[in-house]
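Novice: Residues per chain, in single letters:
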Amino acid sequence: MYLVNDIIAFLAANLILSQALGTSTLFVAADSRRKLVGTACCITIFTTIGSAAAYFINKLLPSEYKNFTLLLYVLTIGLLYIGLLSAVYFITPERFEKIRKYIHLSAFNCAVIGTLFTMEQKSANDPSLMKLGEYVKFGLEAGLGFITAALILTAAFRKLNSSKVPSSFRGGPAILIYLGIISMAVYSLK
Amino acid sequence: MNERRSRIFDGVLGDNAVLSGLMVISPVIICGNTVKNAEALIYAFSAITFLSVLISSFVPKKLPYTIKVIIYAIISSIVYMPVKTAAEKFYPDSITRIGIYFPLLAVNSLIILQSEARFFKMKKPRMIASLTFYIIGFDAVMLLTAFIRELLAYGTIRSKMADVNTLISGLGEPFGGFIFLGLMCGAYRKIRSMAKKEDNTGSDLNVSGK
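These protein sequence lines are chains A and L, in that order.
Quick note: the first sequence uses the working numbering, first residue 1, plus one each step.
Quick note: the second sequence uses the working numbering, first residue 1, plus one each step.
In short, the hints are calculated from the structure, not lab data.
Errors might be hidden in some of the hints.
[Unchecked claim] List time: in silico DSSO-like cross-link candidates among lysine-lysine, alpha-carbon distance up to 30 Å: (1) L:K121 <-> A:K35; (2) A:K35 <-> L:K190; (3) A:K122 <-> L:K36.
[To be verified] Some but not every residue of chain L turned toward chain A, in silico, with C-beta under 10 Å: (4) L22; (5) I25; (6) I111.
[What the hints assert, rightly or not] Not close to chain A: a few residues of chain L, all C-beta gaps over 12 Å, as computed: (7) I29; (8) I30; (9) I71; (10) K121; (11) G177.
C-beta: ideal position from N, C-alpha, C; glycine also.
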């Protein structure tokens, strides 16, 4: 029963289905299953490590400089972006060309920056969440939520792009309606 | 010449950023449920995107792609600061409601991805014209979506009661936003394909008339 509750809570907290964060990225990545899963994994790395950095930014930045939060988040993600590309280049140079497109797509988007701002907002409302562990956990959950949404999408991807769907609705519009129906189901679980 | 002109206007109808490119859709889905939210988002999107892309166009093209993307994001997050300060004066209530979607406009795909792929390949005057029409395209979709959703979900227009008998409250929720935008995209594609067919028929008639 606890597991069911945890799964429901995990789905209800899904940033794509409940807040539409990263939907545009999902569409850019949706042209192939491999690209979708690769991008989702890279986004998880960005949200998890980015959340850890966001914790220190939120803790150390004085409240009168709150407008600088976005700039600091962007600088952090920028450094992470370069670090991740360099790491892949040195660890698996032969697969660098394949992997780098996922990293390019994952760095600056609503899913990553939105996760950092959502956690900032949550910790401002509930000071008990102002812990490094909570930030990292939320970042990881957000990334796993993106992977879950990507898997839900890949399950119906071929059908939503098939010739049986009217040409005007094939692809993007059908995916939006599909995500809307899944989002409605998740909404009912809250 | 006509083709060139139509490419500049593409951002409004032919290649709308939201309905065709499916870019910047998160704010439309979540915050595009009232006209007041839409007005604040239109102001923020227009100011941030126009200024950021314009300033970013001066970034040397020889730099590596990764560095350029980071610089574009830094420029837009610097532009975001005065835009937010002004928005807090003009739209104090809407800014609170929009919440995290306001800063997210600064990392929208039109600035980060499309500027490099589309706008920076053009000459400056053309780029400014094309960018302006892309922004108008987003603004139009945002306003239309917000107007219809507010009217049908809450029975109001700019928070003033309107004479609507049947309300669909789900349209004000995120899932309503997904479904409504999906239907709008489908309708947009249908209209666009019909317009293209008419254009082709017209040009065929002209050719045979010669």
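Novice: Now look at each hint and say whether the structure bears it out.
Specialist: Against the structure, the hints:
1. Note on K121 (chain L) and K35 (chain A): the hinted pairing holds, with a Cα-Cα distance of about 26 Å set against a maximum of 30 Å.
2. With a C-alpha separation of about 28 Å, the suggested pair K35 (chain A) and K190 (chain L) falls inside the 30 Å cut-off, and the hint holds.
3. For a cut-off of 30 Å, the pair hint linking K122 (chain A) to K36 (chain L) stands: about 25 Å separates their Cα positions.
4. Look at L22 (chain L): its Cβ gets to within about 4 Å of chain A, closer than 10 Å, so that hint holds up.
5. Satisfaction of the interface hint for I25 (chain L) is found here, the shortest Cβ-Cβ separation to chain A being roughly 5 Å, below the 10 Å cut-off.
6. For I111 (chain L), the suggested interface contact is upheld, since its CB lies about 9 Å from the closest CB of chain A, less than 10 Å.
7. With 12 Å as the threshold on Cβ separation, the claim that I29 (chain L) sits away from chain A is violated: the shortest Cβ distance comes to roughly 4 Å.
8. Not every beta carbon of chain A lies more than 12 Å from that of I30 (chain L), the smallest distance being close to 5 Å; the non-interface claim is violated.
9. Not every CB of chain A is more than 12 Å from the CB of I71 (chain L) (nearest about 9 Å), against its label as outside the interface.
10. Distance check for K121 (chain L) against chain A: the nearest CB is about 18 Å away, which clears 12 Å, and the non-interface claim stands.
11. Not every beta carbon of chain A lies more than 12 Å from that of G177 (chain L), the smallest distance being close to 7 Å; the non-interface claim is violated.
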